[in-house]
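> Whenever a hint applies, use it, and build me the whole structure from the sequences.
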Amino acid sequence: MATTDQAPIHDSDEPTGGTGPGPRRVSLTRTAAGAYEAVNVRGGTIRMSGGDTEDFTPVELLLAAIAGCSAVDVDTITSRRAEPIEFEVAAEGEKSRTDEDGNHMTDLEVTFTVRFAEGDDGDLAREMLPKAVQMSRDRLCTVSRTIQLGTPVTMRVG
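Quick note: the sequence shown uses the working numbering, first residue 2, plus one each step.
Simulated from the structure, these hints should not be mistaken for lab results. None of these values were measured; they are calculated from a predicted model.
Beta-carbon label-pair distances, calculated as ranges:
{"#": "1", "residue 1": "46", "residue 2": "15", "range": "16 to 26 Å"}
{"#": "2", "residue 1": "124", "residue 2": "27", "range": "36 to 46 Å"}
{"#": "3", "residue 1": "136", "residue 2": "116", "range": "15 to 25 Å"}
{"#": "4", "residue 1": "53", "residue 2": "95", "range": "19 to 29 Å"}
{"#": "5", "residue 1": "119", "residue 2": "24", "range": "38 to 48 Å"}
{"#": "6", "residue 1": "116", "residue 2": "158", "range": "45 to 55 Å"}
{"#": "7", "residue 1": "157", "residue 2": "40", "range": "17 to 27 Å"}
{"#": "8", "residue 1": "116", "residue 2": "36", "range": "34 to 44 Å"}
Even for Gly, the Cβ is constructed at its ideal location relative to N, Cα and C.
Given below as structure tokens:
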């Protein structure tokens, strides 16, 4: 890992919400056998399970995070030109297990279905849509960029 003498971009080591640089944190609590609840620093909650209930599985949350992160980017960029009349994002992939790599996801794909009203503003938004998707993929979406670049995960027993 490279080091630098530059000061961090953020002002605090406290976890933050929002979109700027800085630490992020969620905590997870077991609520029942195979059921968990994650809480962010703003008090938002989401339930998950191992797949025995209607709650999201952790893999589904990963896919939702990729889709959601990219959706925020693309929507922010395109809606400056026109409000969409349809905006849906689907994320999918293949769960694999190998002796060498263990469980992991492959072939991740995000599909945008976005429609704008006819007219000059809609034309501008339609023209911007492919570039916005590319910008999200290549630079803006923290979630998919983290997966693409690969980031070590440290696990500790506290």
